[in-house]
Amino acid sequence: NVTFAGAQTAAVEAGAATAALGDAAKLLGVAPAELGRVLCSRRIEARGDSMTKKLTAAQAADARDAMARALYASLFDWIVQQVNVAMEDRSGSEFSIGVLDIFGFEIFEKNSFEQFCINLVNEKLQQVFIELTLKTEQEEYQREGIQWTPIDYFDNKVICDLVEKKPQGIISYLDESCLLAEATDQKFLDKLHANFAQHPHYEDYMSTKDKTIGHSEFRLKHYAGDVTYHVDGFIEKNKDTLFA
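First residue of the sequence shown? That's 682 in the numbering used here, and the numbers climb one at a time after it.
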């Protein structure tokens with residue numbers, strides 16, 4: 682609820698925004714004025730010198746959102762760590778049962794950056810399952826000469842590489858687009874088309890002329906099924922402008 686005013690030099694808006702800033706500062710254990718200062722400016726260091734640059738209202742809003750994401754990530758990691766400590770088996774027993782509960786793939790009528798990230802996590806979990814449960818176990822059976830019925834499976838590493846391989850995966854091109862002032866979501870999609878039009882697990886309208894894929898969409902052929910993503914908002918949602 683912290684909003685900013687000022688076209689060239691940002692400042693926290695009076696009223697409800699100032700009250701929200703005070704609430705956030707109290708929870709963080711800092712002075713409201715200090716929190717407002719770091720949200721509205723950035724420190725630049727070069728060749729041993731340090732200077733402070735004022736941000737515009739739009740840049741301050743980006744910094745606010747980046748701080749919120751960083752705080753959420755840190756809090757989430759802390760909660761997971763505390764849960765792991767609380768559930769740690771201190772009995773010395775050699776017998777235990779582990780339970781893994783994960784989100785399923787998300788396939789909505791309109792899929793955006795959030796679904797892209799969630800589905801990547803599921804793709805990675807599937808890769809771990811394949812590696813540890815299917816591939817490794819069957820290789821061990823073969824080494825030990827154990828008779829078994831081979832299980833055929835699709836190795837989804839090709840999909841994981843398509844998304845996250847550096848420096849030529851979808852995420853790498855998205856990160857690159859976030860650094861370019863003139864970048865747009867559509868230009869990002871054009872870059873994907875230029876690099877992945879022939880990839881067996883990537884489709885867009887220009888490469889397929891499939892009318893079920895919009896001009897601002899691309900489709901990934903995940904192990905769980907095809908998902909069409911709308912690129913509007915991808916660059917903005919991927920930005921991480923948490924300044925020093």
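One or more of the hints may lead you astray.
Stated by the list, open to error - Here are the computed lysine to aspartate or glutamate pairs in the DMTMM-like style, where the Cα-Cα straight-line distance is at most 20 Å: (1) Lys-805 <-> Glu-795; (2) Lys-892 <-> Asp-871; (3) Lys-838 <-> Asp-866; (4) Lys-902 <-> Asp-842; (5) Lys-918 <-> Glu-898; (6) Lys-902 <-> Glu-795; (7) Lys-892 <-> Asp-913; (8) Lys-791 <-> Asp-842; (9) Lys-920 <-> Glu-845; (10) Lys-707 <-> Asp-746; (11) Lys-846 <-> Asp-833; (12) Lys-918 <-> Asp-746.
The set of hints was computed from the structure by calculation and includes no laboratory data.
Review point. Checking against the hints above, which ones are violated?
Key: 3, 8, 11
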